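Peer 1: Okay, here's what each chain looks like letter by letter:
Number of protein chains: 2
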Amino acid sequence: MSAPVIEKPALRAGAFGNAKALSCRECGHHVELGPHYACPECFGPLEIAYDFGTVTREQIEAGPRNIWRYKALLPVPDDIESSPNTEPGFTRLLKADNLAAELGLTRLWVKDDSTNPTNSFKDRVVACALSAARELGAKVFACPSTGNLANAVAAAGARAGIKTVVFIPSNLEQPKQVNSAVFTDSLVAVDGNYDDVNKLASEIAGEEGGWAFVNVNVRPFYAEGSKTLGYEIAEQLGWRLPDQVVIPVASGSQLTKVHKAFQELVELGLVEAKPYRIYGAQAEGCSPVSAAYKAGVDAIRPVKPDTIAKSLAIGNPADGIYVLDICRETGGAVEDVTDDEVRAGIVLLARTEGIFTETAGGTTVAVLKKLVETGQLDTSLETVVINTGHGLKTLDAVSGAVRPAATIAPTYAAFAATGIA
Amino acid sequence: MSAPVIEKPALRAGAFGNAKALSCRECGHHVELGPHYACPECFGPLEIAYDFGTVTREQIEAGPRNIWRYKALLPVPDDIESSPNTEPGFTRLLKADNLAAELGLTRLWVKDDSTNPTNSFKDRVVACALSAARELGAKVFACPSTGNLANAVAAAGARAGIKTVVFIPSNLEQPKQVNSAVFTDSLVAVDGNYDDVNKLASEIAGEEGGWAFVNVNVRPFYAEGSKTLGYEIAEQLGWRLPDQVVIPVASGSQLTKVHKAFQELVELGLVEAKPYRIYGAQAEGCSPVSAAYKAGVDAIRPVKPDTIAKSLAIGNPADGIYVLDICRETGGAVEDVTDDEVRAGIVLLARTEGIFTETAGGTTVAVLKKLVETGQLDTSLETVVINTGHGLKTLDAVSGAVRPAATIAPTYAAFAATGIA
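For the record, the sequence lines run as chains A and B.
At position 78 of the first sequence the residue is numbered 78 (UniProt numbering), and the sequence of numbers has no breaks.
At position 110 of the second sequence the residue is numbered 110 (UniProt numbering), and the sequence of numbers has no breaks.
The hints are simulated quantities; they were obtained by calculation from the structure and are not laboratory data.
Some clues are possibly wrong.
Remember, identical chains collapse to one label, so a pair may be satisfied in a single copy or spanning two.
Unchecked claim - Straight-line C-alpha distance at most 27 angstroms; calculated BS3-like pairs for lysine-lysine:
id : residue 1 : residue 2
1  : 139       : 274
2  : 260       : 176
3  : 199       : 304
4  : 294       : 260
These numbers come from a predicted model, not from an experiment.
Let's have the full structure, built from the sequences with the hints guiding it.
Peer 2: Set out below in C-alpha cells:
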C-alpha cells in the first residue's frame, strides 16, 4: 500500500541518512524507502530500519543545539541543518524538586517540550516529515489536525517555503484557527468532525500526486522524530538512562519511540544498558490502552473520546498494542485520570515548577501522582515525566480553576486587609 | 534612595559574582550592592559595575545551555545553576532567508525569545532579579504588570519556592489573568489602571520589609538580564558582532543592555571590535523616543499610549534618552509604525519564517521593513532583528487579519473546486 503517489524523483544519495529501508513491524518484510506506510504483505505498520555504523557521543555533542545533533540516528540527510526548518528540540530537562517533594519522589525531572518552536513536541516529528517530503520531491506539505500538529505543520511549511495545506474542522474555536492561519494562506475549514476531516485528507492523498501528508504517507519518517525525546533525556542526564519514564499516550507512537531511542542508545554503546520502566498516561474519557492494560488483555477496544485532553483523544490508537507490550515488558503500567485530575495536574505543575502545561501534560502529571499513590511507581527511583505541550493552547481547561486571590481598591490599606502580606 | 527596605542579611561572599558596586549612570557615584535603584546624590539610575577579570570563550561554552553560561558577566553567584530557576535563554538565532528576500536584505537573522520558558525575554531579566532577591534575603518576590512580566515572575517564583505576589489591573482580560494565576495563589487584582497598580506597588514597597519588586528595588540586577540577548547573538554568530540590530523600545532598557553587552564582549576580547548600528522600534501610538529622534532633540516628551502593542506602551520611558544616544552614536535610528503595520509585521514573520510573534515583535519586524524602505538601514549589511515574545499572548491582534482560505463540505469534489490543489 503506497498512497498517495508522490511522483518518484531521482532520490539523491544519502537522502535518508543511515536509514536503509522500511520494515514491517508485524512481519518484518522490507520495502524500499519512500512514501509508504503500510506493509504490502500484511498491512502492518512500516517503520524505518537503519544501518547506523559507528555513532559517538563526541559526534553528537559537536552538533547543533536542536534535534539535528541526532541526525545520524534519524532518516534525514547529513546536510539537514542547511535546509530551512524550525530547529526544534534540545528543550529543557528541569530537575523538579518541588514536584518531587509534593509527590514523595526521590528524584524527578520534567522534559519540557512546551518551549519548542510552536510549543509542542509535534515540531520534532514534523521536522522529520518535512525532510522526507523535501527529499521525495513533494509539492505540497499537508495534514488534517485540530491543534498542535496543525500549528507545527503550518509553521514548518512557511519556513521551508513549501506550499502547505492544513485541514481543520470548521467548528474549531477561532483562537485555535488563528494559531495556524497566521502561518499559511491555505488553511481549509471542513464542515464536519475530525473523522470527516481525516477521511477527506485520505481521499485527497489518493487523488492528488505530490502531496506529503505528514501523518499519512510520510508517517514512518514523521514518527521517528519522537525518538529525539529519548535521546535528549539520556544525553541531558549525562549519557545515562532514567529508571522510570511517564509518557502520554494518544496514538501511542511517542511512547514506543522513546523506548526505541533508549534501545538504540544501548545498542550503539552510547549509554550503559540498565532496566527501566515505561509508563503510559491517558485521560479516563479516552483510555482504551489503560483499559486493556488493567483488564490484562492484548486487544484494544476502540472508544468514543470524551475528555478535555483533546490532544490525547484518539479513540483507536494505532500503536496501542505496542504500548501495552512495552509497558508490560519493562515493568511499567498504563494509568488514566479524570478530567478534574487533569486540571489539578496542570495547576500542580505550574505551582511547583513554573511550567504551564496543556491538558496532555496535566494528564501525565496527574497519572504520575496516581501511580505513586497506587504504589505502581517506585518513589526511590529516578523518574522523568514528559510535558508535550503548552497551556496557552488549552487556557479554557483551567480558567475556572485559577483566579486572583483578591480584588482590591488601589490603596495600601486595602492590600493590608487581604492578609497576603 | 533605597526603598523598599530589605532587611539586611549577612550577604555571603560572591553573592553577586563579579559585580562590585552600583554605579550612577548620570554622576558616576558608587553605592554598595543592595536593593537600591536611584543615586543618593543625583537621583540618576543605578546600574551594576563589575570587575570582570578574565573571561574566556571556552569558559562560557562549557557552561549550561541557558543564560547562566554568561554568569561571569552577570550580578549572580557562581553557583547560580544550583538554585531552582526557569533556566531561560540560549534561544534560537534563526537565519531568516525568506524574510530577507521579501525585504531585499542580504543577510538577516531573527533572535527568537518567544521560545523562552514563559515565552518572552522577561524570563531573562526575572531570573536575574530572582537571584538578587534570594541573595538579599527577600521574603516576597513581586511585580506590578499586565502581561509578560507577570507571567515570568509568577512562574519563576513558583519554581524557586518563594512567596510571589503579582499585581494586575482588575479589568485585565481573563485569559491573561489565567496565564499568571495558574502559577500563584497570590495574584492580586487592583481596581484601577496600570498606573494605579504601579503606584500601589511602590506604596507597598515603602511599607513592607523584605519585598523584592523586580522592576523597582532590584531593578539594576533585573535589567542586567537583557545583556544575555547581546551575548547570545554574538556567540551564536560564531563570536562576532552583527552589523545592524533592530530592537523594540518600551522603557528602552533592553536596547541599552544589548549595546552594553556588545561593548563588554569587545572589552573582554571575546569578539573583535567593529562598527555596528543599533535601531529602536516603537509603535506610532506610543513613540516618544522615535518622535524625539526624528525631531533631533534630546528630551523625551511623555505620551499617553494608544496602541495594540501593549507590551511596548510605556509613555515615559526611563531609558529613552540613552536609547537616543546609542542609536545616534552608532549610526542607527529610531522608527515607528502604525497598528496596521504591526499586524502586517506579525503575519509577515509568521508566513516567511514560521515564527508567531506578539505585537511587540510585529512592531519590530514592521520597523525593519520601514527602515529598509526609507533607506535608513543598509540592506547589504548583516542584520539581526529581536523577537521578544509570543503571538499566543496577543491573539486578538491578528484574529481579524487571518482566516481559512475556504470552508468546504467534507468531499474531494468540494476541495477540488477551491483551486487550492
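Peer 1: Regarding residue 260 and residue 176, is the shortest C-alpha distance of 27 angstroms or less found within a copy, between copies, in both, or in neither?
Peer 2: neither (32 angstroms within a copy, 40 angstroms between copies)
Peer 1: Using 27 angstroms as the alpha carbon limit, work out where residue 139 and residue 274 are close: within a copy, between copies, both or neither.
Peer 2: neither (45 angstroms within a copy, 44 angstroms between copies)
Peer 1: Which holds for residue 294 with residue 260 at a C-alpha limit of 27 angstroms: within a copy, between copies, both or neither?
Peer 2: Intra 24 angstroms, inter 60 angstroms, cutoff 27 angstroms: intra-copy only.
Peer 1: When Cα atoms must be at most 27 angstroms apart, do residue 199 and residue 304 count as within-copy, between-copy, both, or neither?
Peer 2: within (17 angstroms within a copy, 53 angstroms between copies)
Hints 1, 2 from the earlier list are contradicted by this structure; the remaining hints agree with it.
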